[in-house]
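Each protein sequence line maps, in turn, to chains A and B.
Here the first sequence stands for residues 1 to 109, where the numbers follow our numbering.
Here the second sequence stands for residues 1 to 116, where the numbers follow our numbering.
Warning: the hint list may mix true and false statements.
[Said to hold, decoys possible] Here are some of the chain A residues that sit facing chain B, going by a computed Cβ distance under 8 Å: (1) I24; (2) V75; (3) P77; (4) E81; (5) A83; (6) E85; (7) L98.
Keep in mind that the hints were calculated from the coordinates and are not lab data.
Every residue, glycine too, gets a C-beta built ideally from N, C-alpha and C.
Listed below, chain by chain, are the residues.
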Amino acid sequence: MDGARGGVDRVFAALGDGGRRSLIEAVATRGTATATELAAELPVTRQAVAKQLTSLADAGLLRATRAGRETRYEVTPAPLEQAVEWMVSVGAAWDERLAALRHSLARKA
Amino acid sequence: MDIEREIVVPEAPDEVWEALIEPERLEEWFATEVELDARPGGEGVFRWGDGDERHAVVRELEETERLVLDWDDGGSVAIELEPVVEGTLVRVVESSPEFAPALELRAFAWTALAAA
Chain A
1 MDGARGGVDR VFAALGDGGR RSLIEAVATR GTATATELAA ELPVTRQAVA
51 KQLTSLADAG LLRATRAGRE TRYEVTPAPL EQAVEWMVSV GAAWDERLAA
101 LRHSLARKA
Chain B
1 MDIEREIVVP EAPDEVWEAL IEPERLEEWF ATEVELDARP GGEGVFRWGD
51 GDERHAVVRE LEETERLVLD WDDGGSVAIE LEPVVEGTLV RVVESSPEFA
101 PALELRAFAW TALAAA
């Protein structure tokens, strides 16, 4: 809300799926990972993993590095920070709104 | 994890209630431009000066007590009024299904990065 949502929307959309969250955790646990490595330990196909990794990289949650024929991914926590900052800003927006509500009521009285 | 805020205002709940459901009153404090069909299932559009626009559906409405809006992005906001000696306690709870995962993942990612 209040304009700050732009990039955060993509982060929240990416986080909205339990499978993608598990993938981020799997990548974070390994440090770096490829779709092949992750597919070997998760109950999903390599293609499905690769697709999810791409969307997480698009949302800025993973950094992709080309390594030979494979792409290696690592977690970039910065967008998660943005998401948390956005939550703080939602709280601040309510502080402002409730102060405005107080004024509006006082004017009406 | 939800975002919660409370204030106490000197007005009675029925006065505060009008400011929650009448669009022209909502425009004084909630958003710049408001359309709201204040009944269960009714739709609302909230626009802010910075160009942001959010759409909502009224999930619950109990006059002078409770208004719950579901945002089209999956989140919701509940505004509850409770009569108190000083006037009315206004409690706002904004929730989003992604708040908790964002916090958990952040904690997890930093822990994993620190261990790597």
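Here is what the structure says about each hint:
With its C-beta approaching chain B no nearer than about 6 Å, A/I24 sits inside the 8 Å limit, and its interface hint holds. Evaluation of the A/V75 hint against chain B yields a held restraint, the C-beta minimum of about 5 Å falling below 8 Å. Because the closest C-beta pair between A/P77 and chain B is about 4 Å apart, less than 8 Å, the hint holds. Evaluation of the A/E81 hint against chain B yields a held restraint, the C-beta minimum of about 7 Å falling below 8 Å.
Nearest Cβ of chain B to the Cβ of A/A83: about 4 Å, under the 8 Å cut. The hint holds. Among the interface hints, the one on A/E85 is violated; its C-beta lies about 10 Å from the nearest C-beta in chain B, farther than the 8 Å criterion. For the restraint placing A/L98 at the interface with chain B, the shortest Cβ-Cβ distance is roughly 5 Å, inside the 8 Å limit, so the hint holds.
Figure legend: structure checked against the earlier numbered hints; the only hint not met is number 6.
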